[in-house]
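S.K.: Given the coordinates of chain E, work out where chain S should sit on it, guided by the hints.
Here the protein sequences line up with chains E and S, keeping their order. Residue numbers for the first sequence follow the numbering used here, beginning at 439 and rising by one. Residue numbers for the second sequence follow the numbering used here, beginning at 439 and rising by one.
If you are wondering where the hints come from, they were derived from the structure by calculation, not from laboratory data. Hints may be right or wrong, so weigh each one.
No copy is singled out in the list; a pair is fine if it fits within one copy or between any two copies.
[Claimed, not checked] With a cut-off of at most 20 Å between alpha-carbon atoms, the simulated DMTMM-like pairs for lysine to aspartate or glutamate come out as follows:
1. Lys508 / Glu485
2. Lys508 / Glu536
3. Lys543 / Asp460
Since the model is a prediction, treat every value here as computed from it, not as a measurement.
Protein chains: 2
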Amino acid sequence: MIAKTPKPPYYVVIFSNLRTDDDENYSDTSDRMLELAAQQPGYLGVEHARDELGITLSYWADLESIRMWKEHSEHVLARNMGRSRWYKQFMTRIARVERDYGFEKET
Amino acid sequence: MIAKTPKPPYYVVIFSNLRTDDDENYSDTSDRMLELAAQQPGYLGVEHARDELGITLSYWADLESIRMWKEHSEHVLARNMGRSRWYKQFMTRIARVERDYGFEKET
Chain E
439 MIAKTPKPPY YVVIFSNLRT DDDENYSDTS DRMLELAAQQ PGYLGVEHAR
489 DELGITLSYW ADLESIRMWK EHSEHVLARN MGRSRWYKQF MTRIARVERD
539 YGFEKET
Chain S
439 MIAKTPKPPY YVVIFSNLRT DDDENYSDTS DRMLELAAQQ PGYLGVEHAR
489 DELGITLSYW ADLESIRMWK EHSEHVLARN MGRSRWYKQF MTRIARVERD
539 YGFEKET
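Okay, chain E solo, but in the shape it has when bound (with noise of 0.2 Å):
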């Protein structure tokens, strides 16, 4: 649930959004986005949470891999299909990750 990402510096797409009513081929779609963005160069990994806000954390290894999931054809069909249906709003930010820490409870 929580990505294993290698040591800093890597990058992170904060997708921040809040949908509309159009629950429309969403699931199947964002699943195979998922599945996708998995088999791209550079990927490291995806977090997600939703409750009223949603938000998808998808981590790579350098800004070109980042660039190319953008170009990648059939994401940019499922993103036409966000903004046209699925989003009401939403905000896509790029950040290079400099620190990371964790912590796991002793079980």
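M.R.: Below, chain S alone, put in the same frame as chain E:
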């Protein structure tokens, strides 16, 4: 719900977490931390979502603001409670937002 952040560059603290079953004082402390963070110098906004995974994104003007918030005495106490009681696992990532773009549906 989606934070209105300024033009990049700015910083984000990505807090991805899995909770334990221990809810005692969790909501109150969580609300208090959001309230307190919003009063700190350099604070730019926050976004939060949870289903199984919880993701909290807090946005900051610079690394110094993040460091000062990390050292805030009430925040230190809350983090200690987090490790001992509320979180099974978490990862904190500090990243520099280099680019962003948004979309809002015309109504």
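S.K.: Could you run down the list of hints and mark each one as holding or not?
M.R.: The hints, checked one at a time:
1. Lys508 / Glu485: within (18 Å within a copy, 23 Å between copies)
2. Lys508 / Glu536: Result: close only across copies, 16 Å inter versus 22 Å intra.
3. Lys543 / Asp460: Between copies, since 13 Å is at most 20 Å while 40 Å is not.
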